Amino acid sequence: MNQDSSSIAALQARIAALEKENALLRRGNDRPGGKAVLVPDALKPLFERAEQTVGEYFRHLDMDPARGTIEINDERYLLIRASALSKDFLDTVLGLYADRGEEAAFAIGKNFLFDIAHVIGMNDARSFHEKMKLTDPVARLSAGPVHFAYTGWAFVDIMPESHPTPDDDFYLLYRHPYSFEADSWKRSGKRSAAPVCIMNSGYSSGWCEASFGIPLTAVEVSCTARGDEHCTFIMSPPHRIQEHLEQYEASSGYKYPNEKDYDVPTFFDRKRVEEEMQRARLLAEDSARMKDDFLANISHELRTPLSAILGFTEQLAKTELDAAQKDYLSAVTDSGNTLLSIINDILDLSKMDAGKFLVEEHPFSVQSLMKSVYLMFSEKAAKKTLRFELQPDVPDMPLLGDPARIRQVLVNLTGNALKFTEEGYVRLSCSIEREEESMVWIRFSVGDSGIGIPEEKWAGIFERFTQADSQITRKYGGTGLGLAIARELAELMGGSLKLHKNDNTGMVFHFSLPFKKANVRPVEPVAHANAFIPKKPAGRHVLVVEDNPINQKLAAIILLNNGYEVTSASDGSQALILLKKQGFDLILMDIQMPVMDGIKATCLIREELRLDTPIIAMTAHALPAEQEQCFLAGIDAYLSKPFTEAALMEQIDLLLNKPEEGEARGVTDLSFLYQQTRNNTAMIAEMVQAFLSQNPVDLAALELAADQGDFTALYRQAHSLRSSTSLFGLDKKIGESLLRIEKLSRAKEGLEEIRALLPYIANICRQARAELETSISL
Amino acid sequence: MKQADNVLRTVIVEDELLSRLYLSSLLDNFCPEVEVVAKAESEQAAIEAITRLQPDLVLLDIELRSGSGFEVLRKLEHTGACIIFITALDHYAINAIRICGMDYLQKPVENESLQAAVRSAAQNRDNDRSRASLACLLEALENGGVPRRLLLPDEKGESVLINEIVRIESADKGSIFLLENGSSRADASSLSHWEQLLRDLHFFRIHPLHLVNIAKVAGVESDKLQLNMCDGSIVPASPKRIAELARRMKEIR
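Going down the list, the protein sequences come from chains L and H.
For the first sequence, our numbering gives the first residue as 1, with consecutive numbering after it.
For the second sequence, our numbering gives the first residue as 1001, with consecutive numbering after it.
Treat the hints with care, as some may be off.
[Unchecked claim] Partner residues aside, some chain L positions facing chain H, computed with beta carbon under 7 angstroms: (1) GLY101; (2) GLN676; (3) MET683; (4) ALA685; (5) ALA690; (6) PHE691; (7) SER693; (8) GLN694; (9) SER720; (10) SER726.
None of these hints come from the bench; they were simulated from the model.
Note that this is a predicted model, so its numbers are computed, not measured.
From the three backbone atoms N, C-alpha and C, an ideal C-beta is built for every residue, glycine too.
Model the full structure from these sequences, guided by the hints.
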């Protein structure tokens, strides 16, 4: 009970305080003469009538403080302290939108308040007009200011310049000698930077809008909360407000706050439109994502059986066949390859759409690139009566770029040109467009004297699934995806694919790309396909781990045909059982498998069985993250599905015949040094030499410090070693361990743990030195 | 061709051989305005080289926890050389280095950042600001690594005593520091930047727009969602953060 009486006392105190405040307010704002509205003489009769109407309206006024309501003519209203609403609302919005800056946040809050008050004003006016049966627009309007004063919003003085006609010329200039909004700011002791009678402006313009049936807005041009003498407002149709503000500014020296056009606040409309746009965007994004996922999945699903078809066809072609069978088989191969390239196109596009398409950067030679594209098509071109020309008009300098992607674009353009040109020429050329000290812009172009493309179709040909003429599809084939991909590739590399008409007939496609100049020679690609000569496997035994029976069989046939012995397992756990019984020379491991996947199996092979049999992973999703996971698990090489026989044989050969050269086994990574020294090989060589002589010394010092339990020296040595090894990319291997040693030795504890970490660190360093030694002797 | 007065005579202080070599060859190859006049592999060698050569620029990877690193800085205090620290992110005094507005590069040093730091050093050699920064840092190190002053990035060399800062307010373009004596300083860095730097020095982001020095809070009015500061100013508080502040205040006291 005690608690109740104390809370009642607190409430009583609060009520007393409010009453005191109200009394103060009333004293401060009662105006002499009792008139709530002052108007120019001409308007006086109107407003006297309005006072009667409003007085009548408020005659039946009942207050029920217990429920916090007021009843006017049977309508019940809830009491809110509007002053608190306006100011507190603005404060809240300022806080909520603080990240957008005060001005923007204020604008948001202002629009919101204005719009709410505008709607309240319109609604109040409508219900008032209905109840009092007012139909004359002028009578409706003039009730507004009176009603306004009765309900405690503000007193109103209408200035003689006003011209309240129900048309475009509507102009009202008025003041609030008392405004609850300005008052709430003044009482808080804070001077505002901008006019604050926002609800007042909204409510008045809402009332007048409902009265006259024309859109109106109001802007406060001076405000006592800002320190001005009066709260002054201009009301007019929204499209005229700017003009009135400017006139007012010119006559009074008032500078209105918005330099930009003052718009009709249309919060509710805007919100609706924004919401609809957002909904539409989400829907579109959703469906785009679904489409991308679908395309990626379906392409993947198609590629797996197709690669089996192509693989078996390849094997079949090696058997004895008669002429007709050979013909049929080559038709199967051609169609299969076409289908594969279409699927690859779709995969490429879906990757581009998903933003997952990455452009790489490594040293390459433009000349060899052009030459290889030329060679690829020369056989095909020789079958036609045309000149196939190569004009690589660039010096043979190494550049940094993504040769595979440039090649993809050139192959597409050259393929098209050859397809659509029967005689005359197809010309593959490139030239330097611009050159700076470290950059060069190269223009690639593919021109032909073929059937050409009518100019009105130019815009459309880069669109997906579009060809210049639907007849073309029937005659020449193709999906219409090639140019779309070529264009997007060119854009990803920083250029744009363009089209020109040739002098007489035919077309030129061209694109210019920027390249950084490279200081190192590109590594010539390992000879592919035909040039590959497999070494004699001499009865070596390969374990194929693959769940798909067709792929399992295909891999087995390829290996058998190349002279290997083969055993197959359909998942990781079967492979482990086999490996416990017998040794293999090599393991071909699928990654996605039921029961036990390839990564898990590899971990167990390395850690539990402690076997170092070379493992080649096969997987369809060649994402970098997955590749990294493979190498972490202890996989030696990586083959992306579908693979060709040549690619598989090459990997096997690399692992079985010269394992020490496998890049994947390396612990060092010189890319940081290459990047930072701008490929300065002399500088890198010097660093490598220094490392080779210094690293054993550092390691010995670290080991000595551990032997002696000297924490200070341990910290220092570990820290030094961490900086020196990180330059050669070793931080990925031993950075964590060294950091751990630093932490422990700083805390002067964990000597055992530190000692346990040392052999691993020494081992990696030894391996790194061996690698670096070979790298400089090359 | 180098012009004598444009040359930045530079001393590298780095005890680890590879990093020393790496840094000096980057400077040799990519910073033509730099002439490496000495490479010191210990603090003692550094002090000797700095005294003898009076360099314009010193690249420093030193252990600031120990007395000898401190001596190197003391030596530098009287030379007017520009200092660029080379540090690991987990460096003991990294926060102090940042609060004092000193230049630093993270290890392993990247070519671009090195060049930028050298360029800015070339422009700011021997000015009041770098002297003030160093004084700030030395004071911090004497105080166990806890800075007493900070240096606003835009200011010439006038430091601000951290325990005179009442609060920092977010402004249109940066932050405004409000000091106990009623004056204020404008700074171009964001409030979040200062929040991060000053968090350990008991500053608290009580509101998206306000960072307050907890020591300067005179009263917390939870019901009104505001703080009364010792200078009489009132700071709005976010409801969630006001509870967190109470916890922080309890921790401190």
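Consistency of the hints with the structure:
| no. | hint | verdict |
| --- | --- | --- |
| 1 | GLY101 | 6 angstroms, holds |
| 2 | GLN676 | 4 angstroms, holds |
| 3 | MET683 | 5 angstroms, holds |
| 4 | ALA685 | 11 angstroms, violated |
| 5 | ALA690 | 5 angstroms, holds |
| 6 | PHE691 | 6 angstroms, holds |
| 7 | SER693 | 9 angstroms, violated |
| 8 | GLN694 | 5 angstroms, holds |
| 9 | SER720 | 4 angstroms, holds |
| 10 | SER726 | 5 angstroms, holds |
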